[in-house]
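S.K.: What follows is the residue order along each chain.
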Amino acid sequence: MFPLNVQQPILAQADPARIWTWAFVGLTFALYLYIGWRSRVRETRGFYVAGQGVPAIANGAATAADWMSAASFISMAGLISFSGSDGSVYLMGWTGGYVLLALLLAPYLRKFGHYTVPDFIGARYYSDTARVVAAMCAIFVSLTYVAGQMKGVGVVFSRFLEVELWLGVVIGMGIVAFFAGLGGMKGITWTQVVQYFVLILAFLIPSIAISSMLTQDPIPQSGFVFSDISERLNEVLLELGEKEYTKPFGKFSQLNVFCITAALMFGTAGLPHVIVRFYTVKNVRAARYSAVWAIIFIAVLYTTAPALGLFARYNLIKNLHQSTVTQIELQTGEEKPQVFKFADQSASQQQAVFKAVQQAQQTNLRAETDPAVAKTSITYFLTSPDGKPLNWATQWQNTGLLKVEDLDRDGHINLKLIEFKGADDKTETRSELAKIDKDIIVLSTPEVAGLPPWVIALVAAGGLAAALSTAAGLLLVISSSLAHDLYIRFVEPNATEAKKVRVGRIAILLGILVAGYFGINPPGFVGEVVAFAFGLAAASFFPVIFLGIFSTRVNRAGAVSGMIVGLVFTMTYIVLCTADKVLPFLFDAPILTQDQWLFGISPQGIGTLGMLFNFVVTWVVSMCTPPPPEEVVALVERIRLPGEAGAAADH
Amino acid sequence: MTDSSKKQYWRANLKVVVILLSIWFLVGFGLSIFFIESMNLISIGHLGLGFWMAQQGSIYIFVVLVLIYALVMDRLDRKYKVSD
Numbered sequence: 001m002f003p004l005n006v007q008q009p010i011l012a013q014a015d016p017a018r019i020w021t022w023a024f025v026g027l028t029f030a031l032y033l034y035i036g037w038r039s040r041v042r043e044t045r046g047f048y049v050a051g052q053g054v055p056a057i058a059n060g061a062a063t064a065a066d067w068m069s070a071a072s073f074i075s076m077a078g079l080i081s082f083s084g085s086d087g088s089v090y091l092m093g094w095t096g097g098y099v100l101l102a103l104l105l106a107p108y109l110r111k112f113g114h115y116t117v118p119d120f121i122g123a124r125y126y127s128d129t130a131r132v133v134a135a136m137c138a139i140f141v142s143l144t145y146v147a148g149q150m151k152g153v154g155v156v157f158s159r160f161l162e163v164e165l166w167l168g169v170v171i172g173m174g175i176v177a178f179f180a181g182l183g184g185m186k187g188i189t190w191t192q193v194v195q196y197f198v199l200i201l202a203f204l205i206p207s208i209a210i211s212s213m214l215t216q217d218p219i220p221q222s223g224f225v226f227s228d229i230s231e232r233l234n235e236v237l238l239e240l241g242e243k244e245y246t247k248p249f250g251k252f253s254q255l256n257v258f259c260i261t262a263a264l265m266f267g268t269a270g271l272p273h274v275i276v277r278f279y280t281v282k283n284v285r286a287a288r289y290s291a292v293w294a295i296i297f298i299a300v301l302y303t304t305a306p307a308l309g310l311f312a313r314y315n316l317i318k319n320l321h322q323s324t325v326t327q328i329e330l331q332t333g334e335e336k337p338q339v340f341k342f343a344d345q346s347a348s349q350q351q352a353v354f355k356a357v358q359q360a361q362q363t364n365l366r367a368e369t370d371p372a373v374a375k376t377s378i379t380y381f382l383t384s385p386d387g388k389p390l391n392w393a394t395q396w397q398n399t400g401l402l403k404v405e406d407l408d409r410d411g412h413i414n415l416k417l418i419e420f421k422g423a424d425d426k427t428e429t430r431s432e433l434a435k436i437d438k439d440i441i442v443l444s445t446p447e448v449a450g451l452p453p454w455v456i457a458l459v460a461a462g463g464l465a466a467a468l469s470t471a472a473g474l475l476l477v478i479s480s481s482l483a484h485d486l487y488i489r490f491v492e493p494n495a496t497e498a499k500k501v502r503v504g505r506i507a508i509l510l511g512i513l514v515a516g517y518f519g520i521n522p523p524g525f526v527g528e529v530v531a532f533a534f535g536l537a538a539a540s541f542f543p544v545i546f547l548g549i550f551s552t553r554v555n556r557a558g559a560v561s562g563m564i565v566g567l568v569f570t571m572t573y574i575v576l577c578t579a580d581k582v583l584p585f586l587f588d589a590p591i592l593t594q595d596q597w598l599f600g601i602s603p604q605g606i607g608t609l610g611m612l613f614n615f616v617v618t619w620v621v622s623m624c625t626p627p628p629p630e631e632v633v634a635l636v637e638r639i640r641l642p643g644e645a646g647a648a649a650d651h
Numbered sequence: 001m002t003d004s005s006k007k008q009y010w011r012a013n014l015k016v017v018v019i020l021l022s023i024w025f026l027v028g029f030g031l032s033i034f035f036i037e038s039m040n041l042i043s044i045g046h047l048g049l050g051f052w053m054a055q056q057g058s059i060y061i062f063v064v065l066v067l068i069y070a071l072v073m074d075r076l077d078r079k080y081k082v083s084d
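So the sequence lines, in the order shown, correspond to chains A and B.
Everything in the first sequence is counted per the numbering used here, starting at 1 for the first residue and increasing by one.
Everything in the second sequence is counted per the numbering used here, starting at 1 for the first residue and increasing by one.
Calculated from the structure, these hints are not laboratory results.
Some hints could be false.
Stated by the list, open to error - Below, in silico cross-link-like pairs of lysine-lysine (DSS-like), each with a Cα-Cα straight-line distance of 30 Å or less: (1) B:LYS81 x A:LYS282; (2) A:LYS416 x A:LYS355; (3) A:LYS282 x A:LYS416; (4) B:LYS79 x A:LYS282; (5) B:LYS81 x A:LYS388; (6) A:LYS282 x B:LYS7.
To be verified - Below, a sample of chain B positions facing chain A; criterion: calculated Cβ distance under 10 Å: (7) LEU41; (8) ILE42; (9) GLY50; (10) SER58; (11) LEU67.
To be verified - Far from chain B, by Cβ distances over 10 Å, these chain A residues were calculated: (12) SER127; (13) LEU510; (14) GLU637.
Idealized CB from N, CA, C, for every residue including glycine.
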C-alpha cells in the first residue's frame with residue numbers, strides 16, 4: 001500500500017497557500033506545455049539527441065535538472081538531516097560520480113556520436129547480445145527510477161493541493177507525455193532548462209530564510225560553518241540522548257561509508273539518462289564545458305542541502321520537543337470529526353480524551369485485519385514551547401508521514417525516550433515522535449520557518465519540476481532503448497524517418513503508462529530497488545564502458561562475462577539481504593542478517609565489490625581470449641580524438 | 001595527424017586524467033572518509049575540518065577539477081590541432 005492516505009482538508013477551505021500553489025503549479029505547467037509545443041520535432045536526430053545543437057550552458061542546466069530528481073530535491077536534505085556526518089555519502093557519492101562521468105566517459109561517448117548507451121556497448125563489443133543486455137539493463141534501471149519520480153509527484157499533489165494521489169500522478173503523466181512525446185529530446189532539453197531554475201529558486205529561498213532566522217547569516221553555506229548552530233544542535237541532541245550530529249560513523253561504519261560512497265559514485269557515472277545528455281551538444285569541447293556548467297548548477301543545490309539538513313533538524317527539535325497538545329481530533333470515514341479541546345481542561349476531562357484515543361487505536365488495530373472496520377484518523381493539534389501553533393504538524397499528520405502520540409498523557413510531546421504504561425499496563429519505552437518521514441524536512445521548511453504562503457507554493461512547484469524533469473529524461477531512455485535499440489534494429493531496420501519518430505512516441509507513451517501504474521500502485525520492491533539501482537549500475541555498466549574506451553584489448557567475451565558476474569553477484573547479495581522486502585510473499589525475514597554481511601558491507605555498498613569483480617573478470621577473460629577485430633580497435637582510437645566527424649552517424 | 005602525435009596526445013590526455021583523479025580520490029576518500037577523524041581535530045569556523053570537507057569542501061573541489069579538465073584539454077586540443 002502507498003503510505004499516504006489523503007483525507008478531506010481539516011483546516012479552513014480558503015487556505016492562501018493552496019491558492020498560491022494552484023497558481024504556481026498551473027503557471028509552470030503551462031510554460032512546460034508551451035515549450036513542448038514550440039520544440040516539436042519531425043526527425044529522429046531531433047527526437048533522440050535534440051539535433052545536437054544545444055549550447056553548452058543550456059545543456060548544463062538541463063543536465064542538472066535531469067540529474068537532480070525528486071529524491072535530490074525532496075528527500076536528500078532530509079536523509080542528511082537524519083544521518084548527520086555520514087550523510088556525506090549522498091553528497092560526495094552523487095557529485096563525485098559526476099567527476100568520473102565528466103573525465104572518463106562523457107567526452108568519448110559524445111565523440112562516438114550515436115544515440116544511446118546500448119549503441120556504444122553493441123558497437124564496441126561487436127555483439128547484438130551485449131546491445132540487448134545493455135538495453136534491458138537501461139530499461140530496468142530507468143523504469144524503477146521513474147516510478148520513484150511519479151511517487152514524488154503524488155506526494156506533492158496530495159500534500160499541497162489535496163488532490164487524490166492517482167489524479168496527481170495522472171496529471172503529472174499527462175504533462176510529461178505532452179512535452180516529451182511531442183518534442184522528444186529537444187522538448188525535454190528546453191523544458192529542463194526552465195525546470196532547473198524553478199527548482200533551484202524553490203530550494204534556495206527557504207534555505208536562505210531559515211539560515212537568516214537561525215544563524216543571522218543569509219548564505220546557508222557560510223551560516224553552516226561560521227555560526228555556532230552545529231554546536232547548538234549537538235548539545236540539544238546529547239540532551240535527548242542521541243548521538244552528536246557532526247560525529248562520523250554513527251549511522252554507517254567507516255568501511256560502509258567508503259563502499260556506499262563509491263557505489264553511488266560509479267553508479268551515477270553509469271546512469272544512462274545522464275550519459276545520454278552529452279549526446280545532445282555540438283562537439284566534444286561543448287560536452288566538456290556543459291559538464292562544467294552542469295556541476296556548477298548541481299553544486300548550488302548540493303552545498304545548500306547539508307546546511308538545510310542541519311538547520312531543519314535543529315528547528316524541528318526546537319519546535320516539536322515539549323510542544324503542548326491543544327486539541328485532538330478523531331475522524332472515522334466520512335463522518336464529522338470529533339473534536340476534543342485539550343488545553344484548559346480538568347485532569348479527568350483530559351483522561352476521558354485519552355480513553356477515546358485509546359479506543360480509536362484499538363479499532364485501527366482491528367481495521368488492519370478486518371476491511372469492514374473503518375479506520376479512525378487521530379490528529380494532534382500542537383503549539384510549540386514558545387506558544388506558536390504548529391499548523392504544519394497537523395497537516396503532515398493527515399498525509400500519514402508524521403505521527404505523534406502523547407504516550408505518558410501529560411499533554412506534551414516529548415522527543416526523549418520515555419517510560420509509560422502501555423496496553424495491559426506493561427511498561428514500555430519509546431519516543432512520542434512515533435514516525436517522521438525524511439521527505440518532511442524540505443517540504444515543511446517554509447512552514448516551520450513561518451515563511452509567506454507563496455514560498456510554500458514555490459517549493460511545491462520546485463518539487464514537481466525536479467520530479468518531472470528527471471521522469472522525462474528517463475522516459476526518453478526507455479523509449480530509445482525500446483524503439484531504437486530493440487524495435488528498429490531487430491524488427492524493422494528499414495523504417496522511414498517518420499516511422500522511427502512515431503515508434504519512439506509510442507514507446508514513450510508505453511513507458512509513461514507503466515511508470516504511472518507503478519506510481520499509483522508501487523509494488524513493495526520499487527522503493528528498495530531505486531536505492532540499489534546505483535549499485536547495479538556500478539556493477540554492470542561502468543567497468544564495461546570505461547574499459548571499452550581506455551583499453552583496446554578488452555573484447556566481447558570479457559565484457560559479457562564481466563557484466564554478468566558483476567550484476568548477478570550484486571543482485572544476489574541485495575536480494576539475500578532484503579528478501580523480506582523484495583520477495584515479501586516468500587520470506588518474512590532477510591536471509592542474510594546484518595551480522596552475517598560479507599565483511600560487514602551493507603547491501604547499499606555492495607555494488608563497489610561487484611564492480612571490482614566485474615573489472616577483474618572482464619580483464620582476465622579478455623586476456624585469455626583473442627583480441628577484438630581491427631575495426632573495433634580503429635573505433636576506439638577514433639573516439640579518443642576529439643576532432644573529425646562529430647555528427648551522429650545515420651543508421 | 002600522424003600516428004605518433006595521436007599517441008602523444010592520448011598520453012598527455014591520460015596524464016591529465018590521472019592527476020585530476022588522484023586529487024579526486026585524495027579529497028573524496030582520503031580526507032573525507034579515511035582520515036576524517038584526524039581532520040576533525042582541526043577546525044574551520046565552528047566545524048571540524050573533516051566534517052566540512054565531507055559535506056562542503058569536497059564538492060567545491062570537484063567543481064574545480066571538472067573546470068580544470070575542460071581548460072587543460074582545450075589547450076591540449078590546440079597544441080595537437082585536434083579540435084573541430
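S.K.: Does each hint hold? Answer for all of them.
M.R.: Cross-check of the supplied hints:
1. For the given pair, LYS81 (chain B) sits about 18 Å from LYS282 (chain A) by alpha-carbon distance, which is consistent with the 30 Å threshold.
2. Note on LYS416 (chain A) and LYS355 (chain A): the hinted pairing holds, with a Cα-Cα distance of about 24 Å set against a maximum of 30 Å.
3. Annotation: proposed proximity of LYS282 (chain A) to LYS416 (chain A) is violated, straight-line Cα distance about 58 Å (limit 30 Å).
4. Note on LYS79 (chain B) and LYS282 (chain A): the hinted pairing holds, with a Cα-Cα distance of about 21 Å set against a maximum of 30 Å.
5. Distance check on the hinted pair: LYS81 (chain B) and LYS388 (chain A) sit about 67 Å apart at the alpha-carbon level, beyond 30 Å; violated.
6. Between LYS282 (chain A) and LYS7 (chain B) the alpha-carbon distance is near 25 Å, which keeps this suggested pair within the 30 Å criterion.
7. For the restraint placing LEU41 (chain B) at the interface with chain A, the shortest Cβ-Cβ distance is roughly 12 Å, beyond the 10 Å limit, so the hint is violated.
8. The beta carbon of ILE42 (chain B) comes no nearer than 13 Å to any beta carbon in chain A, farther than 10 Å, and the hint placing it at the interface is violated.
9. For GLY50 (chain B), the interface hint holds, since its Cβ comes within 10 Å of a Cβ in chain A; the closest pair sits about 7 Å apart.
10. Annotation: interface hint on SER58 (chain B) holds; nearest CB of chain A at approximately 5 Å, less than 10 Å.
11. Annotation: LEU67 (chain B) was flagged as interfacial toward chain A, and the flag holds, the nearest CB pair being 5 Å apart, inside 10 Å.
12. The Cβ of SER127 (chain A) sits about 25 Å from the closest Cβ of chain B, beyond the 10 Å cut-off, so the non-interface label holds.
13. No beta-carbon of chain B is positioned within 10 Å of the beta-carbon of LEU510 (chain A); the least distance is around 36 Å.
14. With a minimum CB-CB distance of about 7 Å to chain B, GLU637 (chain A) fails to clear the 10 Å threshold, and the non-interface call is violated.
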